[in-house]
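Asker: Given next are the chains, with one letter for each unit.
Protein chains: 2
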Amino acid sequence: MSRSRENSVGLIDPQLYHHSQPFLLQNGDVLHGYELVFETYGTLNAEKSNAILICHALSGHHHAAGFHAADDAKPGWWDACIGPGKCIDTDQFFVLSLNNLGGCHGSTGPNSIDPMTGEIFGPSFPNVVVKDWVASQSHLADHLGIQKFAAVIGGSLGGMQAMQWSIDFPARLYSAVLIASAAKLSAQNIAFNEIARQAITTDEDYCAGNYRQFNKNPENGLMLARMVGHVTYLSEDGMKTKFDRDIKSGDFEQGANVEFQVESYLHYQGRAFTQYFDANTYLLMTRALDYFDPAREFDGDLTRALRKTKAKFLVLSFSTDWRFSPERSQEIVDALIRARKNVASAIIESEHGHDSFLLPLDRYTKVLRAFLQRSLEEFESSPKQLGIKNEGGA
Amino acid sequence: MSRSRENSVGLIDPQLYHHSQPFLLQNGDVLHGYELVFETYGTLNAEKSNAILICHALSGHHHAAGFHAADDAKPGWWDACIGPGKCIDTDQFFVLSLNNLGGCHGSTGPNSIDPMTGEIFGPSFPNVVVKDWVASQSHLADHLGIQKFAAVIGGSLGGMQAMQWSIDFPARLYSAVLIASAAKLSAQNIAFNEIARQAITTDEDYCAGNYRQFNKNPENGLMLARMVGHVTYLSEDGMKTKFDRDIKSGDFEQGANVEFQVESYLHYQGRAFTQYFDANTYLLMTRALDYFDPAREFDGDLTRALRKTKAKFLVLSFSTDWRFSPERSQEIVDALIRARKNVASAIIESEHGHDSFLLPLDRYTKVLRAFLQRSLEEFESSPKQLGIKNEGGA
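So the sequences go chain by chain: A and B. Numbering-wise, the first sequence is residues 1 to 394 according to this note's numbering. Numbering-wise, the second sequence is residues 1001 to 1394 according to this note's numbering.
Next up, chain A with everything else stripped away, as it sits in the complex (with noise of 0.2 Å):
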C-alpha cells in the first residue's frame, strides 16, 4: 500500500450535508429532510471554476479516494484515478464525492430514522430514481457554492447521473463524463438485477425487509446478488486470465469435492459484501438503474431527451464490457451526434470487462486526463463563465 499512498490524497474526513428543507421524489413521496455523507479532496479555487463531481455506481459510496485512517488496508474505491498527479488531479481539481440518497454508507437511507415514525425506514424507504439522486447532489453543490461543475463524472449508474445532470442542470456543469455506461439497461440487465432482487427478497432472513427489527440480515440473498454482479463485471477473457480453470482444493480423480478458484473467489467476495453493504439498498439501486431511461418522457427518442443539454461530452467503453458494452455507449454518442452536441468517445481496449472503468488503464486515463485539462481550461478562459447565476437549471 505504501506504493499508492505516494500519490495520494491522504488521510480523509467524511463530512455531513444536512438538508432540513422536504424533498419532493419523483414517485410524489416527500423525506422531510435528508443528510449526504460527502468528501472532498484537492482545494476549490477562488472562482469556484474547477469543481468536479464524482457520482457512484450500484455498490460505491462517497469514499472515492484516500484514507480514513492510517491503518486502512484499502484506499477509496477510485484511488486508482483520483489524487495528485492522477488523471482526475486534486493538485488542479476540488473532487467532490459524496454517498448517493438511499444509500447505506451515511446518507439518509433505509437504515435512517423515519423522523414521522421514530422507527428506521426499512423496506419503507421511498423509490429514489437517478433524477432524485441529481437534484439532491445539486443542494449539496449550492450548500458548497459550487453553481457550475468543471465536469460531473461516474460509471455505470454514475455516468447515468452524469447524463441525468446534462439534462437537468444544463447550465451547472462544463462537461459530462459517462463511463461504461448506457441510455437505459437492457433486458438482459434487467434481469440480472431481478435475478440479484429475488435472492435477496426471497432468503428468509429478509423479514419483508424488516430484517434489522429481528436482528437478522438476508446474508445468503446479499451473498448471491453480489456472486451474481460479480461475474457480469468481469470479462469471460479476463474470467480467463484470473481463473482459468484452476483448482482450489479437492481431486480430480476422486470426483466429488472440486473447489475451483473461480467458485471460491466468488464466495469470498459475496460473503465479504454482506457486512458492509445493506439490502434494502441494493434493491433501491438496481431498481433505480431499471428504472433510468430518459427518453422514456420523449417518446423513446434519446436525441430529444439530450437537446437541451450544453455540457461537452465524453462518452468512454470497454472492449470487453458486456454487461455495459460499447455499442450502449454508441447508441448514446449516437443521440448526441444527432442533437448536434459536443462529445467525445473513446472504446478502450480491456480485458477486465465492466470493472475497467475502475483500474487505471493507460490509454482510459491519459483520454480522461486530457478531457478534464481541456474542461477546466475552456470553462475558465469562457466570457460567461462568471455570468451564469440566472441560467438555474431545468
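If you're looking for bench data, these hints aren't it; they were derived computationally from the structure. A portion of the hints provided could be inaccurate.
[What the hints assert, rightly or not] Computed spacing ranges between beta-carbons, pair by pair:
id, chain 1, residue 1, chain 2, residue 2, range
1, A, L24, B, R1363, 54 to 64 Å
2, B, N1257, A, H68, 33 to 43 Å
3, B, S1264, A, D71, 43 to 53 Å
4, A, L24, B, H1267, 24 to 34 Å
5, B, R1271, A, A272, 27 to 37 Å
6, A, G145, B, S1319, 53 to 63 Å
Each residue gets a CB set at the ideal place from its N, CA and C atoms; glycine is no exception.
Using the hints provided, position chain B relative to the given structure of chain A.
Answerer: Just chain B now, with coordinates in the frame of chain A:
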C-alpha cells in the same frame, strides 16, 4: 398444437432398462444396479444400422419427441427436430433418447431408493460424470442390440456426451454431432453454475439435501438457479426482441412497483421449473458440466484426447450463443483438424442464443439433415459395417 401433431412421432410410451450388475463409477463409488428410462422413435432396421442416440442437456430428459397423452399441452423437448420428415427423420432413423443416470425423470437418481439402505439416496447419490453417462448409455445400447450408432447427437451438455462417446467407444458410432457445446467449461460458465448451486444449497428448505424427508422443496433456490440459467441461454438481442423494456404491471409515473415483462417471464419459468425438476439432480448435472474436460488426462491437449476417435464429426454453434460461444466450438474443430479427423462445422446465424439448438432454424436443420443422411448412406455402404463386433469400446 394440432399443427405440430401432423408430423409428430405420436403417442409414445417410455420404457425402462434395468441394469442388474454393479456399476463402477469414475469416482470409485459403485451403484448396485440402476435403471434408465428411455423412449424410441422410428423403427430399427434389420441391420441395426439406423440408430441415433440423443444425449440430453442440463435440464433435459428422455421425452424428446411426441406426446405421452392425447391431451398433452406440449410435445417432447426436441420435437421440433425429431419426427417423420424432420431433420432427425424418424422415417429413416431409429432414435433413442434416455434420461441420464442421476436424473429426476425416471432413471436412477437422488430420488431413487438406495438398495443398501432402503432409504432414498438424496444428497448421498454419488457424483456421476459424463464418462459414467456414456458407459451407462453403452449398456442400454447393448440391451437394444445396437452395436454401432449411425450418429450420437447432443446439444450443450449433450454434445459433451457425444464427444465422450467418440473418445471412449470409437468403434460404436459412425458420426458424432456436437451442437452448441464445448470441450470444457470456462471460468465464467463455472461461475454461473456455482451461483445456481449456491442458490439451491442456501435455501432453508434444502435441508442439507434431505428435503424430501422433511416434505420440503428448495423452490426459491431452484427458481433462482433456473432464472440464472435462462438469462444465460438467451442472447441479449433475443431478449431485446422478446421483451425490450416492456412493462407487465405498474406505472412509471408512480416510480414503484413497475414489473418489466422480462421479470414476469423469468419468475413464471423459474417457478414452473421447481414443479418438475429436482434440486439434487440440478446440482449433480451442473457438477458434471464443470468437471467435463477430456483433455485433462492428456496434459490439457485436446488433440491428443481426440486422437483415437473414429467418428465423422459435425460441430455446430450459434452466432449469439454466449454461454457456449462459437469460439468454444472452434476449439473443438481446431483440435479435430490437428488430430486429422473428419470434421464439418458451421456457425448458424441466430438471435436466440444458446437456446437456438432446440429450434428448427432453417440453415441449422438443413445442415443437420444433410449430414445425417450422408452418414447413414456411408455407414450402410461401409464394408466393415457388419464386421465390427470385436472392436469393442475403449
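Asker: Next step is simple, just say for each hint if it's right about the structure.
Answerer: Do the hints match the structure? See the list:
For L24 (chain A) and R1363 (chain B), the hinted distance range of 54 to 64 Å is satisfied, since their beta carbons lie about 56 Å from each other. In this structure, N1257 (chain B) and H68 (chain A) meet the distance hint of 33 to 43 Å, their C-beta atoms being roughly 38 Å apart. Between S1264 (chain B) and D71 (chain A), the C-beta spacing of about 49 Å keeps the proposed range 43 to 53 Å intact. As the Cβ distance of L24 (chain A) to H1267 (chain B) is approximately 33 Å, the hint placing it in 24 to 34 Å holds.
R1271 (chain B) and A272 (chain A) have their C-beta atoms about 31 Å apart, which keeps the hinted 27 to 37 Å range intact. The hinted window of 53 to 63 Å between G145 (chain A) and S1319 (chain B) holds, with their beta carbons roughly 55 Å apart.
The structure agrees with every numbered hint stated previously.
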